[in-house]
Amino acid sequence: MDYALNFAVVWRSFDRLLEGLGLSLLLAVGSIAIGIAIGLVLGFALVSRSGIARRLAGAYVTVIRNTPILVLVLFVYFALPDLGVQLEGIESFVATLAVYSGAYLAEVFRAGLLSVPKGLREAAQAIGMSRLQINASIVAPLMLRNVLPSLGSTVISLFKDTSLAAAIAIPELTFEARKINVESFRVVETWLVASLLYVATCTVLAALFRRLERRLAIPR
Amino acid sequence: MDFSFTQFLHELWIARVPLVQGLGITVASAALAIVVGTVLGIGVGLALTYGAAPLRVVVRGYTDFVRGTPVLVLVLASYYVLGTAGVQLGPFQAGVLALAVFCSAHVGEIVRGALQAIPRGQVEAAKAIGLTFSQTFASVLLPQALRQILPTWVTTASEMVKASTLLSVIGVGDLLLASQEVISRTFMGLPFYLFAGFLYFTINFGIERFGRFVEKKTHLPS
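Chains as they are written, first to last, in our numbering: chain Y, 1 to 220; chain H, 221 to 442.
Worth flagging that the hints you see were computed from the coordinates, not collected in a lab.
Bear in mind the structure is a predicted one, so any value in this text is a computation, not a measurement.
The beta-carbon is built from N, C-alpha and C at its ideal position, and this holds for glycine as well.
Hints are not guaranteed to be accurate.
To be verified - Computed list of lysine to any residue pairs in SDA-like fashion (alpha-carbon distance at most 25 Å, straight line): (1) H:K347 / H:A273; (2) H:K436 / Y:I90; (3) H:K437 / H:G310; (4) H:K382 / H:G310; (5) Y:K179 / H:K436; (6) H:K382 / H:E401; (7) Y:K179 / Y:A4; (8) H:K437 / H:I427; (9) H:K436 / Y:G30; (10) H:K382 / H:P371; (11) H:K382 / Y:I90; (12) Y:K179 / H:G310; (13) H:K382 / Y:G30; (14) H:K436 / Y:A111.
Unchecked claim - Covered by chain Y, per the in silico footprint, the following chain H stretches (three or more residues, Cβ under 8 Å): (15) 282 to 290; (16) 387 to 401.
So that you can see chain Y by itself, here it is in the shape it has in the complex:
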């Protein structure tokens, strides 16, 4: 094997990889923000007293979680236009990842809601708070603190899923890496640097979530 490592080509295109990473992060932030909203609504629905709400939310979660995300991405981008829903690449991907992350986050929030002690809800009822008040100012904050560890790992895994945007030619990190690979044939270097950028970002995200956890932890 006569392949000598030469990172110079990759360093020359490094700012393209960084721009790609920036777009990956943007895609992740946009879709996870919408996904958290969807997940919260579904999470509350999954533990609600109404059987219909529980069923509908459960069906959503089951269908989305058992379908490969690449199929969803391609479906929204290539097939929805047949139904008159035409979305640009980035919007289409953000919409897909938001819908997808909503299902995973719903499960996270459901577990969190079940972890809030019943007594707190009853105490809030006893002092005359309305259901909306209880959910917004007692249950939701406690639940959010409880779910931080699993929220962190879900967010990290969703960030990694932004790599699928490359399949519909959105110039994020994986797409740029593939392009540099094809242009320069510096195969090993390109993929090593691209993976390390992903690993580094995941490590930073994990550290941020751990710090948030410590900050929000109830002092003992």
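Given chain Y, put chain H in place with the hints provided.
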């Protein structure tokens, strides 16, 4: 939509052979990746729990690297890098290798978690009655760890079926690529994507149900 359901059925019938072959490749690639990944993963889990410090550091680096990288990047890297390194693998082998590596890191973490959940006192007790490590592992640790591992492992299996769609990106003719080829010929994107999605859903839903069943079977009555 300007095509009818009968038209879809007609095209489906014409495309039945490539679609079934694609489904076969999807199942085969996922199954192979799960088997290889699980065997590797058990080794990874053992190394992480009972390995010597240098081995632990290396294996920890491996799992962190693999778990921090998107599967699509692993698949593309495996496909392009192995070719450059002179290892002549087709897209199917390169893809399955990437999936197996991904699977091994996840199974490794599951195995480590399950082994560490077993109280240390049990290992000490086993030592005290004179069991060797392999005896301790086979008759004390493994039966308890399996109970914890199995339900999560089934979830990983369904993850692998979903991840196998990524092989279509490097040209492996799995169910997704077969469907895409039918779509590019018939322009019937909507029904064929729905059909492919439905097949994937059915496989994974089956696996999920099986996972629930396993969980119930392995749950200790309290």
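Right, here's what the structure says about each hint:
1. H:K347 / H:A273: This hinted pair holds, its Cα atoms lying about 21 Å apart.
2. H:K436 / Y:I90: Violated. K436 (chain H) to I90 (chain Y) sits at ~43 Å, over the 25 Å cutoff.
3. H:K437 / H:G310: Between K437 (chain H) and G310 (chain H) the Cα gap is close to 40 Å, so the pair fails against 25 Å, i.e. violated.
4. H:K382 / H:G310: 21 Å, holds
5. Y:K179 / H:K436: 48 Å, violated
6. H:K382 / H:E401: 19 Å, holds
7. Y:K179 / Y:A4: Roughly 20 Å between the alpha carbons, so the hint for K179 (chain Y) and A4 (chain Y) holds.
8. H:K437 / H:I427: 15 Å, holds
9. H:K436 / Y:G30: 38 Å, violated
10. H:K382 / H:P371: 17 Å, holds
11. H:K382 / Y:I90: Holds, because 22 Å separates the two Cα atoms, which is no more than 25 Å.
12. Y:K179 / H:G310: Given that 25 Å is the threshold and the Cα spacing comes to 21 Å, the pair holds.
13. H:K382 / Y:G30: Within the cut-off at roughly 24 Å; holds.
14. H:K436 / Y:A111: 19 Å, holds
15. 282 to 290: Contact hint for the stretch 282 to 290 of chain H vs chain Y: holds, 6 residues under 8 Å.
16. 387 to 401: Three-residue rule met by the stretch 387 to 401 of chain H, so holds; n is 4.
Hint compliance for this structure: hints 2, 3, 5, 9 are broken, all remaining hints hold.
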